[in-house]
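Protein chains in written order, with this note's numbering: chain P, 1 to 136; chain W, 1001 to 1375.
Quick caveat, the hints were computed from the structure, so don't treat them as lab data. One should not assume that every hint holds.
As the list claims (entries may be wrong) - Chain P stretches covered by chain W per the calculated footprint, using a threshold of three residues with CB under 8 Å from any CB of chain W:
1. 1 to 7
2. 20 to 31
3. 34 to 43
4. 70 to 76
5. 91 to 104
What the hints assert, rightly or not - Incomplete in silico selection of chain P near chain W, CB under 8 Å:
6. 46
7. 47
8. 88
As the list claims (entries may be wrong) - With a Cα cut of at most 25 Å, we get these calculated SDA-like pairs of lysine to any residue:
9. W/1292 with P/120
10. W/1292 with P/116
11. W/1292 with P/22
12. P/101 with P/21
13. W/1292 with P/113
14. P/101 with W/1105
15. W/1292 with W/1282
16. W/1292 with P/119
17. P/101 with W/1151
18. W/1292 with P/117
19. P/101 with W/1150
20. P/101 with W/1333
21. W/1292 with W/1278
22. W/1292 with P/24
23. W/1292 with W/1153
24. W/1292 with W/1235
25. P/101 with W/1143
26. P/101 with P/111
27. W/1292 with W/1333
28. P/101 with W/1164
29. P/101 with W/1292
30. W/1292 with P/110
31. P/101 with P/44
32. P/101 with P/7
33. W/1292 with P/118
34. P/101 with W/1163
35. P/101 with W/1282
36. P/101 with W/1153
37. W/1292 with W/1281
38. P/101 with W/1154
39. P/101 with W/1160
40. W/1292 with P/83
Where a beta carbon is used, it is the ideal one built from N, C-alpha and C, also for glycine.
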Amino acid sequence: MILAVSLVVAIVFGSGAFLVLQRDLLRVVVGIVLISNAATLFVIAAGHTRGAVPILTIPGEAGSQASDPLVQAMAITALVISSSVAALLLSLIYRIYTSHKTVDIAEISEAEAREAEALERGEDLEEEEEMEKRPR
Amino acid sequence: MTGPALLVLSTGLPWALAAALALFDGRRPWVGWLAAAGLGASFVSLVVLLFRVLYGEPAEVVAGGWPSGVGIVLRADVLGTVFAVVSVGVVLVSFVYEVLGGVRSRTFPALVLFMAAGLSGLFLTGDIFNFYVFFEVSMTAAYVLVGYREQDYQVRAAFIFAVVNLVGSVVFLIAVAALYHVTGTLEMQAVAERVSQVNPNSIIVIAAAIFAAFALKLGLFPFHFWLPAVYVGSYAPVAAILSGALANIGNYGLLRFGGGILPEELELGATAVLILGSASIIYGALQAISRKQLTEVLAYSAIGQVGYVLVAVGIGGPVGFSAAAIYAVVNSLNKTLLFLVVRLRGRLVGAAFAVGAFSLAGVPPAVGFVEDCRV
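Put together the whole structure using the sequences plus the hints.
Okay, structure coming up:
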């Protein structure tokens, strides 16, 4: 069981890491979600014991049969955090998409480099004008 | 007021206020000043708490009235309280600066308050998972804040910042789960006691994961690639908050987890820590000298400053740790000052910049020199 869980965690984390390194920003977000889910699986695996549902009144012997409730609480906290952050990332991508009409990081960098160049040229023009205005 | 009440107030007040102010338009001055008042109250309670702790009255509170060992512990000790005071103070100053200039986004005050709540919570918690949660609260607020003003390059900086730091957070979460697995507890003191009985191999892997996570947050040399883009891209008060308050998380984390919980593993890895720290100092300094833009210089010098903290942590012992703590505090104050005055002009501002820069460089009359000596 330990081997199976660790294999699953490794595969999910690996595919997530692969996706994070892609150029498409949407894939990056999917990769982040996969990595977070790998961490959640790891959290559950860290307290992996089989037993009754961990509620306050456990039938029979107290404590001996219940599975660990703490990791479940931790897992659900981690899930909430990762899903909210995924939503935030998607909204950031949408904001990038509305201004560049693309979600490919290479194309965005090109567009930004062009903008920066245009800006520099504009500034240079202003400086030249100032130079011309100055009395000799 | 009693210690536990102060402890809860310093985190709870900004939190409640943030939730309330999120409903209002943050561009109105009264919202901004109300938020500043809340931050100020949190700051004052932290300062009072610090004096109490310094006079030997550490405060501790277990959330929800659970017996100790079951509930989540909030604990104020000297290290955590000092970092909390500095971070919340930095956030307060940067926020007042922005309110004076006029807030441009309706969510800005609420986000800053959330970040302050997360920061004071994480410095005052005694539970490693709770540390992770508060850490995410403040980081998530930071992701949004980097995109403040919504210029294209700022949104992109926010995206880079969020993705890189999320990977770091996940690595930290895995390390927390692993610590829980090997020790069976999440309470910092109990973890520190039980760690020595665990198989050293697994602890070394956990220690390496924790170190990588905090190094990524700090922008240490091999993990620095995201830092310049974000610091240069973000708006001046936000950059001040990032470098003055948020970077403290990494420093505090290294001190707390390296020095407090896993001291033996830190000793084992001291050589690696020293090498990375030195590499970071040299790299940061060289890059900083070769840059023309002021914010870029500051961003690269931040990488170098982190290196000093790391070297001090690597030296270890009471001297090394106290030097690292003081250095981190002084550095965060300097950085805040510098980032805030970068956009302004004038004689007074020039003087302020000179004070900050000299202190950073370690010129004799300034505080920074004392710290360089100790390091």
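Comparing the hints with the structure gives:
1. 1 to 7: Per the Cβ count (0), the hint is violated.
2. 20 to 31: holds (count 3)
3. 34 to 43: Since 6 is at least three, the answer is holds.
4. 70 to 76: Check passed, 3 qualifying residues.
5. 91 to 104: holds (count 6)
6. 46: At 4 Å from the nearest chain W Cβ, residue 46 of chain P passes the 8 Å test, so the hint holds.
7. 47: This interface hint holds because 7 Å falls under the 8 Å limit.
8. 88: holds (6 Å)
9. W/1292 with P/120: This hinted pair holds, its Cα atoms lying about 15 Å apart.
10. W/1292 with P/116: holds (16 Å)
11. W/1292 with P/22: Roughly 32 Å between the alpha carbons, so the hint for residue 1292 of chain W and residue 22 of chain P is violated.
12. P/101 with P/21: holds (21 Å)
13. W/1292 with P/113: holds (18 Å)
14. P/101 with W/1105: holds (24 Å)
15. W/1292 with W/1282: Distance ~18 Å between residue 1292 of chain W and residue 1282 of chain W Cα, so the pair holds.
16. W/1292 with P/119: holds (17 Å)
17. P/101 with W/1151: Measuring from Cα to Cα gives roughly 15 Å; hence the hint holds.
18. W/1292 with P/117: This hinted pair holds, its Cα atoms lying about 17 Å apart.
19. P/101 with W/1150: Since the Cα atoms of residue 101 of chain P and residue 1150 of chain W sit roughly 16 Å apart, the hinted pair holds (cutoff 25 Å).
20. P/101 with W/1333: violated (41 Å)
21. W/1292 with W/1278: holds (24 Å)
22. W/1292 with P/24: Violated, because 32 Å separates the two Cα atoms, which is more than 25 Å.
23. W/1292 with W/1153: Holds: residue 1292 of chain W and residue 1153 of chain W sit about 19 Å apart, inside 25 Å.
24. W/1292 with W/1235: It holds: about 18 Å lies between the C-alpha atoms, which stays within 25 Å.
25. P/101 with W/1143: With a Cα-Cα distance of about 22 Å, the restraint between residue 101 of chain P and residue 1143 of chain W holds, given a limit of 25 Å.
26. P/101 with P/111: holds (11 Å)
27. W/1292 with W/1333: holds (23 Å)
28. P/101 with W/1164: Satisfied, since the Cα-Cα distance of roughly 24 Å is no more than 25 Å.
29. P/101 with W/1292: violated (32 Å)
30. W/1292 with P/110: Within the cut-off at roughly 23 Å; holds.
31. P/101 with P/44: Violated, at about 40 Å.
32. P/101 with P/7: Violated, because 39 Å separates the two Cα atoms, which is more than 25 Å.
33. W/1292 with P/118: Roughly 19 Å separates the two Cα atoms, so the pair holds.
34. P/101 with W/1163: holds (21 Å)
35. P/101 with W/1282: violated (41 Å)
36. P/101 with W/1153: holds (15 Å)
37. W/1292 with W/1281: holds (19 Å)
38. P/101 with W/1154: Holds, at roughly 17 Å.
39. P/101 with W/1160: It holds: about 18 Å lies between the C-alpha atoms, which stays within 25 Å.
40. W/1292 with P/83: violated (40 Å)
Consistency note: the structure conflicts with the earlier hints numbered 1, 11, 20, 22, 29, 31, 32, 35 and 40.
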